[in-house]
Structures are given as C-alpha cells and as structure tokens.
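A.B. asks: The chain contents come next:
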Amino acid sequence: MLKVFDFFAHAKSESLWMAHFCTGCCSLEMAAAMGPRYDWERYGFLPTPTPRQADILIITGLVTKKMLPALLRTYAQMPEPKYVLALGACSFDGGPYNDSLAVIKNPTEILPADVFVAGCPPKPEAIISGMEEIKKKMKAGIPSAASEGGLWKEMRF
Amino acid sequence: MEGDEILMQNIKNILSSYETEYIEDYKTVWIKTKLLKSGDLLEVAKALKENGLRTISTVSATDFLEENKIEMNYFFEDLLTKRNCWLKCDIPREIELCVIDSITPLFVGASWHEREVFSMFGVKFTNHPDLRPIIVSQDFYGKTPFRKDFDWDAHEADIVTNMNTIVDSFANEELENDKKLDPHGSEMILNWGPTHPASGPIRLKVHCDGEEVLGIDPDIGFVWRALEHLVTKKDFIGAIVAVERLCFMDNINSMVGYCQAVEEIAGVEITEFAKYMRVVLGEVARLSSHMMGMAGVYNALGLHTVMMWNMDMREFFLDFLESYSGARIATAAIEPGGVRYSLEPKMLEELQKALDKFDATKEDIRSIFVKNPTMKLRGAKIGIISADEVLDYALCGVVARASGVKTDIRIDEPYGAYANITMDYITQESGSAQDRMIQIFAEMEQSVDIIKQAKKHIEAKVASAEFDLTKDHMVKVPKKLPKGEAISRVEWARGEVLMHLVTAEKATSPYRLKLKAPSFNHTMMLNHLLEGKTLSDIPLIFGSLYICQGDLDR
Amino acid sequence: MDMIFNIVVFPGLLYVLLWTVALFWFFRKFMAALHKRVGPSFNGPAGSLQTLFDLSKLLTKESITPKGVNPYLFSIMPLLAATIAMLPTALIPWTPNLTVVSSQYALLGLVVLIGIEPFLLFLTGFGSDNKYSFLGGIRILTQMISMETSFFLAALSPALLFGTMNLNSIVEQSTWMSFWILFPGFLLYFVALLGLLEQPPFNIPDAEQEIVYGFYTEYSGTNYFLLKLAEFAEFMAVFAGAATLFLGGFRGLFFDNYFCLFIKMILIAIFMMTIRASTPRITMKQMLNFSWSYLVPLSLLNLAWIMLAKIFILGGVA
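Chains as they are written, first to last, in the working numbering: chain B, 1 to 157; chain X, 1 to 554; chain H, 1 to 318.
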C-alpha cells in the first residue's frame with residue numbers, strides 16, 4: 001500500500017503543468033524555455049490553457065496593482081497541491097520598477113513563492129532549474145509556501 | 001526638394017495667420033510652433049488636416065510647476081509627403097481651468113491619447129466623445145499621477161484601500177453587466193483576458209451574441225509601470241533601463257530613440273562606428289521581435305510550429321546579443337554617446353552564424369507557412385485595414401505598410417547610419433491579417449539585408465583601420481544637460497516610437513519623457529475591426545496587429 | 001473467464017489505459033520532432049514514463065467542482081464519456097480469432113458508439129456553468145451534426161461494397177482491388193475523422209486561443225483524466241475503425257496479426273499529427289461551408305462510385 005502511495009507522489013512531482021498566465025516581461029524568456037534550444041518538455045513541464053489543470057503558477061515578473069486580483073484568482077482556481085514559482089527581480093522586490101508606484105514591490109509577500117529565480121529576465125536554463133527545485137521540494141514533501149501563509153488569505157479578490 | 005519646400009511653406013502660411021510665439025524649422029521634416037491662444041487649437045488643427053496633415057501621432061502634456069502651466073504638445077504628421085508639425089500651446093494648471101478643446105472629432109486617432117492625458121494630468125477635453133480614464137488602475141481615477149506635485153507616497157500609504165478600490169470596481173462591473181443584459185436573451189459579455197491563453201496582460205470586454213461579436217471594449221493597464229514617471233527619478237544613463245523595458249521584444253531601438261534625444265540636447269555627435277553598431281544591434285533586435293510577431297499570428301490559430309522554428313533561429317541572434325553585451329534580452333547596450341561596449345571580431349562571427357541559420361531556414365518557412373493555403377482561407381479577407389484608416393488612426397510600422405502606406409522612419413527621417421544604407425519601402429496591398437503576416441516575414445528578410453550591409457561596412461573600415469574598435473564606441477556626454485527639449489523618432493519593430501524629452505537647467509535626470517508607442521493606436525482599432533465578426537476572429541486579428549502589452553501600457 | 005480477461009485486460013480497460021499512455025507519449029514525441037525539439041526525455045527511456053506520470057498525477061489530483069454547477073451532471077459525464085468511448089473496442093476484430101462481440105451489425109454499432117460521444121462532451125460543456133465551456137459545447141454539437149453525416153456515409157461504403165456489416169467478413173474479403181476502390185471513401189473518412197476527433201484544422205470546439213479550452217475548461221483532476229481517457233479511447237476506436245474498414249484490418253503482407261492493425265493505426269496517427277503541425281484552425285462558418293457543400297456531396301458521390309465499381313469492376317451484384 002505504501003509503495004502505491006509513493007508512486008503517485010513521485011508522479012505528482014515529476015509532472016508539473018503550468019498555468020498559462022503572464023503578468024510581465026519574463027514570459028518572453030519562459031517562451032524561450034519552451035522553445036527548441038531549451039525545451040523544458042524534456043523535464044515534463046507543459047503549459048495548460050486553464051488554471052484548473054495546472055500545478056504551478058508562474059509569476060512572470062512584475063505584478064501591477066490591477067493585475068494582482070487576477071493573479072490571486074488564478075491561484076485560487078488551481079487544484080491542490082499547487083506551487084508558485086517567482087521569476088525575475090520584479091517579483092522579489094520590484095526590480096527595475098522599484099521606484100515605480102504602479103507596481104507592487106512585494107508580490108511574494110502577498111502570494112509566497114516556493115522558488116525564486118534571479119535575473120532580469122532570468123535565462124531559460126535558470127527557469128528550468130527553478131522548476132527542478134520545485135520538484136525537489138515536492139519530493140521532500142514540503143508543503144507549498146502559499147498554503148502555509150501569505151497576505152493573500154486576508155485579501156479580497 | 002523644391003516641391004517639398006513649397007509644401008512646408010504652406011504649413012507655415014497657415015500657422016502664420018494665427019497668433020503664434022514662433023514658427024521655426026526643426027530638423028529636416030518638422031515645423032515647430034507655439035500657439036499663444038489655446039482656443040485657436042481646433043481651427044489650426046482643421047486647417048492642418050485640410051492641408052494633408054491627417055495623422056496625429058500623439059497628444060502629450062508637460063507639467064511646469066514653477067511656471068504654473070501645462071504645456072500641450074500635438075504632433076501632426078503627414079505620412080504621404082513626410083511633413084510634420086509640432087504644435088504647442090499652454091493651458092492653466094489649476095484643475096478647474098485646465099480645459100482644452102478635444103481634437104478627437106477631427107482626428108479619430110487622438111481619442112485614446114487624450115484619454116491618457118486626462119487620466120495622467122487631469123486635463124479635460126471638451127467635446128471628447130468618451131472621456132473615461134485609461135491605463136491607470138482604478139485607485140488613480142480622478143487623480144493626477146503624472147503631475148509634478150502629486151504625492152505618490154501619500155497615495156500608496158494605504159495600499160489595502162487601493163486594492164479594495166480595484167477589486168470593488170471589478171465586482172461592480174460584473175453586477176452592472178448582469179443588470180444590463182437581458183436574462184432571457186443570448187447576449188453575453190466575455191472577459192477575454194488577462195488569464196487567457198492568447199491574450200497576455202490585457203482584458204477585452206467582448207459583447208457577443210453567441211459567436212457573433214457585437215462590440216469590444218479593451219481594458220488596458222495591466223502592466224502599467226508608469227515608465228514615463230519612472231525615468232524622471234533616474235539619471236540620464238539609468239533611464240535607459242526603464243526605456244528599454246518599453247517592450248523586451250525589441251529593446252535596442254527604443255534605447256536608440258531615447259539616446260538620440262539626449263545627444264541632441266547635449267549637442268553631441270556620435271562616431272560613425274557607433275552609428276553602424278546601432279544599426280546592427282537594432283536590426284538584430286527587430287528580427288528577434290519579428291520572429292515572435294510572425295509566430296503570434298499563427299499561435300492565434302493554434303499552430304505552434306512557426307513559433308518553434310522561429311525561436312530556433314532567434315536563439316542564434318540572441319547569442320550575438322549575449323556575446324556583445326552579456327545579456328540575451330535586457331542588453332542595455334545603447335547609451336547616450338554611442339554604444340556601451342567595444343566590438344571584438346569574434347562577435348561578428350557569432351552574427352555570421354545567425355545570418356547563416358536564417359538563410360538556411362527561411363525557404364522552409366516561406367514554403368510551408370508564408371504561402372499556407374489555410375492561412376489564406378483564414379486571413380485573406382479578415383481584419384482588412386484600408387490606407388485611409390491607417391492615416392486616420394495613425395497606425396504605423398508593419399500594420400501601416402501591410403495596407404500599402406509607404407511609411408518607414410528609417411527612410412522618411414533617416415537617423416544614425418540608415419542614411420547610408422540602401423533600402424526601400426516594403427508594402428503589401430490589401431492590409432488583411434494575412435498580409436500583415438507576410439509583411440513581417442518580408443521585413444525579416446529586409447533586416448537581414450541591412451545587417452549584411454552594415455556588417456560589411458564595419459568589416460571594411462576595421463580592415464582599413466578607420467574604425468578603432470577600442471575607443472570608437474563611445475563619446476563622452478556630460479552628466480548635466482542644459483535646459484532644452486527634443487523629439488526623436490525611430491522605426492521600432494512595431495512602428496514609430498516618438499520620444500519627447502524635456503530637460504530642466506543643469507538637469508541630471510529627465511524632466512519629462514513622453515513615449516509614444518505604436519500598440520496604443522493599434523489597440524484603439526480593435527473595436528472597429530471586430531464589430532460584427534465572430535469569436536474566432538478575435539485572436540487572429542489581435543495577433544496580426546502585433547500588439548505588445550508592454551508598449552501599450554508603458 | 002475469457003470474458004473477464006477481455007473486459008479487464010485485452011481489449012478492455014488495461015489495453016485502453018496502456019494505449020492512452022503510449023499514444024499520448026507518441027503524440028508529444030512526434031510533435032516535438034516536428035517542432036525541432038526533443039520532447040519528454042528524462043523520465044524513463046526516451047521519456048516514456050512521462051505520460052504515465054502525467055496521467056497518474058491527474059488521477060490523484062484534487063477534482064474541483066465549481067460553485068453553481070449541478071454536481072451530478074458535472075461528475076457523471078466524464079465517467080459516462082470514458083465508458084462509452086471504450087465500448088467500440090469490443091466490436092473491432094483485433095486478431096483473426098479475437099473479436100469480443102462478433103455481430104452482423106458490428107459496423108452500425110461502431111459508428112453509433114463513435115457518433116454518440118460528442119453529445120456527452122456537449123453535456124460536459126453545458127453542465128460546467130462557464131461561458132467558455134458552454135460555447136465549446138455548442139460548437140461541438142454544430143461540428144458533430146455536420147461532420148458525422150459524411151463520417152457515416154464514408155463508413156458505409158465498405159458495407160456497400162462487400163454486402164455485409166460484419167467487420168470480420170469485411171476484413172476477410174478485402175483485397176488490393178477493394179483497397180483502391182475504397183480509397184476515395186478512406187480519404188473522406190479521414191477528413192471526417194479530423195472533424196470528429198477535433199483535430200486541426202477542425203479543432204474548433206476546444207480552440208485554446210478562442211474559447212480557452214472549450215468544454216474542458218472547468219475540469220480538473222480525476223474528471224479531466226477521465227475526459228482525456230475518453231478522448232484517447234475515441235482515437236483508438238476511430239483509427240481501428242479506419243484500419244479495419246478500409247485498410248484490411250489485421251491482415252498484413254506476410255502474416256495476419258494484431259501488429260499489422262497496430263502499424264496501420266499508428267500510420268493514421270502520424271498523418272494526423274503532421275496535419276496538426278502545419279495547418280492553422282479554420283472558423284466555424286468555413287467548417288460548416290466545407291462540410292455541407294463539399295464533404296457531404298462527395299460522400300454521396302462516393303457511394304455512387306462504389307455501386308458502379310461493384311457492378312463494372314467486381315462483376316455485378318452478388
């Protein structure tokens with residue numbers, strides 16, 4: 001019985017589908033990561049058209065105030081277990097838009113990310129390695145950061 | 001030349017019949033003038049339109065706090081005979097008095113630009129048909145974020161209330177929709193985006209009856225970063241970081257535009273080598289953008305093969321950018337005074353590899369995808385933009401040329417080394433969605449041709465030791481700039497980018513930078529193009545207009 | 001005992017599951033090759049375990065039932081769709097000796113079971129309480145009505161030629177001559193198949209870029225797994241139907257075996273994927289126009305051709 005259970009947990013961690021949602025410029029490098037040279041499908045990542053079938057939400061860079069409710073809604077629509085990957089400097093502290101007041105500087109305090117990928121924009125290899133980090137986290141059985149806490153639970157969206 | 005001068009003289013004659021502070025020539029194709037009475041604006045605009053200046057590139061405002069005025073800038077263009085007029089006038093700064101006539105009834109293309117000025121500066125336009133806020137998020141409604149005395153910190157102090165305003169406005173909109181629609185009817189409102197596989201960060205409110213589209217109201221501003229405000233907080237070199245993020249797909253050319261404006265105010269002439277490097281880098285960026293743009297048309301039809309094949313080529317061009325600047329996309333390679341890095345011969349080999357890759361792949365793409373019969377079935381009769389509409393809505397770049405309008409800033413107002421490069425207008429005839437896709441491919445070939453010319457020139461000059469690679473790439477630009485203003489136009493991947501830079505005395509950072517980007521005008525067209533079409537046409541037309549949300553929202 | 005083996009192992013549940021895993025992998029790998037990519041690569045040899053992981057994950061993931069839907073309709077439809085999609089496997093002659101239900105009316109059963117599937121998918125879309133799903137449901141219904149007419153007419157041509165609806169005897173009677181006579185019918189069947197299976201250029205009902213994912217939009221976890229299973233089981237039924245009706249089923253050049261049938265099915269799949277990689281989607285109106293002004297009249301003409309061929313080439317009505 002334990003063996004079967006293990007298999008399904010392993011399957012979950014090895015098959016990460018990501019929601020097709022782009023909040024900012026890093027989605028361009030995400031497209032490159034899907035492309036022929038980097039081809040993240042080798043690792044089993046696949047984009048899905050609807051959040052209902054997704055396992056990972058990728059915050060692709062900056063999140064503006066207007067975008068935040070859509071981001072949180074998309075996250076809420078995803079089935080458990082779900083993880084969040086934050087790309088780029090913007091999703092950490094606003095990055096180059098740190099001085100701009102239309103951009104939320106701490107989106108990951110609102111929706112905590114499991115893995116951050118540095119760069120502006122991060123290179124495709126870095127994005128893939130970030131996804132691999134999430135796999136490790138799932139294999140170790142660590143629950144996602146967003147389910148543990150974050151301001152999003154107190155917010156209306 | 002004679003004929004052109006007569007035409008320019010015509011404009012001056014028109015302007016001289018009104019009270020103006022000055023009428024002067026600016027660069028080769030501009031006439032700059034300032035009206036003394038803002039009430040004359042409508043009449044002048046009408047006279048200019050009758051004289052052929054049918055296109056309004058943008059409407060922009062500059063807030064002068066000390067002089068207590070808001071200066072309005074209108075950029076009228078004639079895409080056919082290449083004459084342009086830069087018209088200014090002052091209006092009072094007090095929020096009740098800051099009113100000016102709307103030129104939208106005369107120039108349709110001004111509609112959204114005036115709405116933008118209304119939302120950013122609080123300038124009211126009388127007789128504007130639809131003066132709602134645009135771009136800004138809901139918590140800025142009724143405020144004036146771009147005015148110099150706007151207290152951002154106070155506004156952002158209570159972020160929770162701001163967020164609630166936004167969420168409430170979405171909820172209210174939904175309730176209103178429910179009330180508006182007949183519960184027994186078949187009409188409904190679809191939110192096409194921002195969580196939609198083909199939309200990107202934009203929301204199209206699609207009123208539809210079953211499959212038929214009744215109307216579209218684009219809701220933009222999902223990636224509004226307030227770049228125009230952001231640059232004023234940085235120094236002249238730091239500002240390129242904000243400017244290149246206008247849109248990552250083609251970031252080099254937007255930096256070129258900004259740097260030209262700075263160099264003009266500083267009175268610096270860059271070296272010939274830097275000019276040629278700007279051409280090479282700019283065309284590489286244009287190519288990498290066009291590859292994604294062409295893929296976008298096909299992605300909208302559910303075919304991802306083009307994207308993959310184009311991306312395969314694109315990686316080689318990004319390799320060149322990476323070897324030159326260290327970054328694949330965010331290169332920051334253009335700086336006021338030239339280009340940032342010196343060139344090593346090895347980098348040109350990298351470029352040659354990319355060009356070879358393109359030459360090896362292009363025939364496959366042409367025979368399978370450019371001449372695709374199903375694409376013809378889908379795109380040849382849909383999304384047709386006539387040449388008249390191009391002029392009225394101030395469309396530019398690929399979209400304008402696909403409709404047969406000969407406009408290309410690289411030829412109309414040559415900047416950098418483009419004056420020495422042999423190139424011609426590439427146009428298509430009908431202006432349909434398919435033509436825009438073909439146009440993008442044709443321009444990719446043109447770009448490769450330009451790169452080859454520039455590369456040959458650089459190699460020849462290096463061989464004859466006329467270019468010194470170690471120090472030719474930069475000329476010193478002073479840190480502090482004098483008071484002044486400049487406009488600079490570049491042909492960006494998507495079309496004309498117009499930058500209007502204003503500096504104060506001994507400035508270390510821009511006082512005001514207006515970025516006019518093409519997607520704004522193209523999105524304005526959407527309702528006009530999609531009314532009465534079906535849901536299936538939305539992604540195709542949207543994709544073929546080559547819109548990037550980055551330069552749509554700025 | 002045989003019956004239980006047939007239901008559980010071959011050609012029943014396990015076989016369909018294995019087929020789903022394998023075909024899903026093959027689709028991704030083949031598509032990747034056309035995209036100049038590699039495709040799944042690191043899980044198992046050549047990534048062959050990847051789709052097993054994907055489907056196992058879907059099976060055990062949370063299934064969300066959205067607020068405001070009828071939970072019974074919403075959850076029972078995928079199960080029903082999967083079950084009905086698996087039924088045609090019982091009618092196909094897999095090997096010379098193995099046909100689970102050998103009937104005089106097997107052909108009718110096959111086309112009816114294949115043809116009922118879009119109705120169930122329409123109900124999934126209808127029951128999702130989502131505007132996009134509803135539009136997808138309407139689209140699949142429209143497409144079904146226009147595409148199934150020619151699908152039925154094309155599928156009938158072997159029955160007309162051989163004078164039987166028993167799939168076993170259709171396979172046994174087929175010759176090179178009958179293959180060429182049925183070839184126009186096969187092409188029509190193939191085009192109708194693209195429409196029936198929602199493949200490009202007829203992937204209108206689940207057009208990602210237009211209506212998100214059509215009737216799939218609200219489904220997650222186990223329910224989505226069942227719908228995927230239904231989709232791939234339908235692939236199998238339709239491919240096996242094509243191979244049996246037009247290409248001589250399990251008969252091969254040198255020996256008669258299951259693998260001959262399998263290779264024929266894979267060839268059809270390859271053909272389908274190549275079209276998928278090079279053809280953009282057409283619109284609803286164009287599909288309707290194409291179906292009713294070209295495909296259906298051609299299918300009727302094809303029947304006339306079969307009649308004439310039967311009389312003048314094969315030497316009259318038996």
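Wrong hints could be hidden among the right ones.
Just a sample of chain H residues kept apart from chain B, beta carbon distances all over 12 Å, derived [unchecked claim]: (1) 1; (2) 3; (3) 18.
Here are the simulated lysine to aspartate or glutamate pairs, DMTMM-like style, with alpha carbons at most 20 Å apart [claimed, not checked]: (4) X:233 - X:156; (5) H:36 - X:319; (6) X:234 - X:151; (7) H:67 - X:174; (8) H:131 - X:174; (9) H:131 - X:413; (10) B:135 - B:6; (11) H:131 - X:187.
I should point out that these hints are in silico values taken from the structure, not numbers from a laboratory. Just so it is clear, CB atoms sit at the ideal spot from N, CA and C, and this is done for glycine as well.
A.B. asks: All hints, please: hold or fail.
C.D. replies: Here's how the hints hold up against the structure:
Distance check on residue 1 (chain H): its Cβ is at least 27 Å (rounded) from any Cβ of chain B, clearing the 12 Å threshold; non-interface status holds. Every C-beta of chain B lies more than 12 Å from that of residue 3 (chain H), the closest at about 27 Å, which supports listing it as non-interface. Once the 12 Å rule is applied to beta carbons, residue 18 (chain H) is consistent with being away from chain B; the minimum gap is 16 Å. Under the criterion of a C-alpha separation no larger than 20 Å, the hint pairing residue 233 (chain X) with residue 156 (chain X) is consistent with the structure, at around 17 Å.
With a CA separation close to 18 Å, the supplied pair residue 36 (chain H) and residue 319 (chain X) stays within the 20 Å bound. Proposed proximity of residue 234 (chain X) and residue 151 (chain X) is supported: the alpha carbons are some 18 Å apart, at most 20 Å. Between residue 67 (chain H) and residue 174 (chain X), the direct Cα distance comes to roughly 17 Å. Compliance with the 20 Å bound is thereby established for this hinted pair. For the proposed pair residue 131 (chain H) and residue 174 (chain X), the alpha carbon gap of about 14 Å is at most 20 Å, so the pair holds.
With a CA separation close to 49 Å, the supplied pair residue 131 (chain H) and residue 413 (chain X) exceeds the 20 Å bound. Pair hint residue 135 (chain B) plus residue 6 (chain B) holds up; C-alpha atoms about 14 Å apart against a cutoff of 20 Å. Annotation: proposed proximity of residue 131 (chain H) to residue 187 (chain X) holds, straight-line Cα distance about 11 Å (limit 20 Å).
Checked against the numbered hints above, the structure violates only hint 9.
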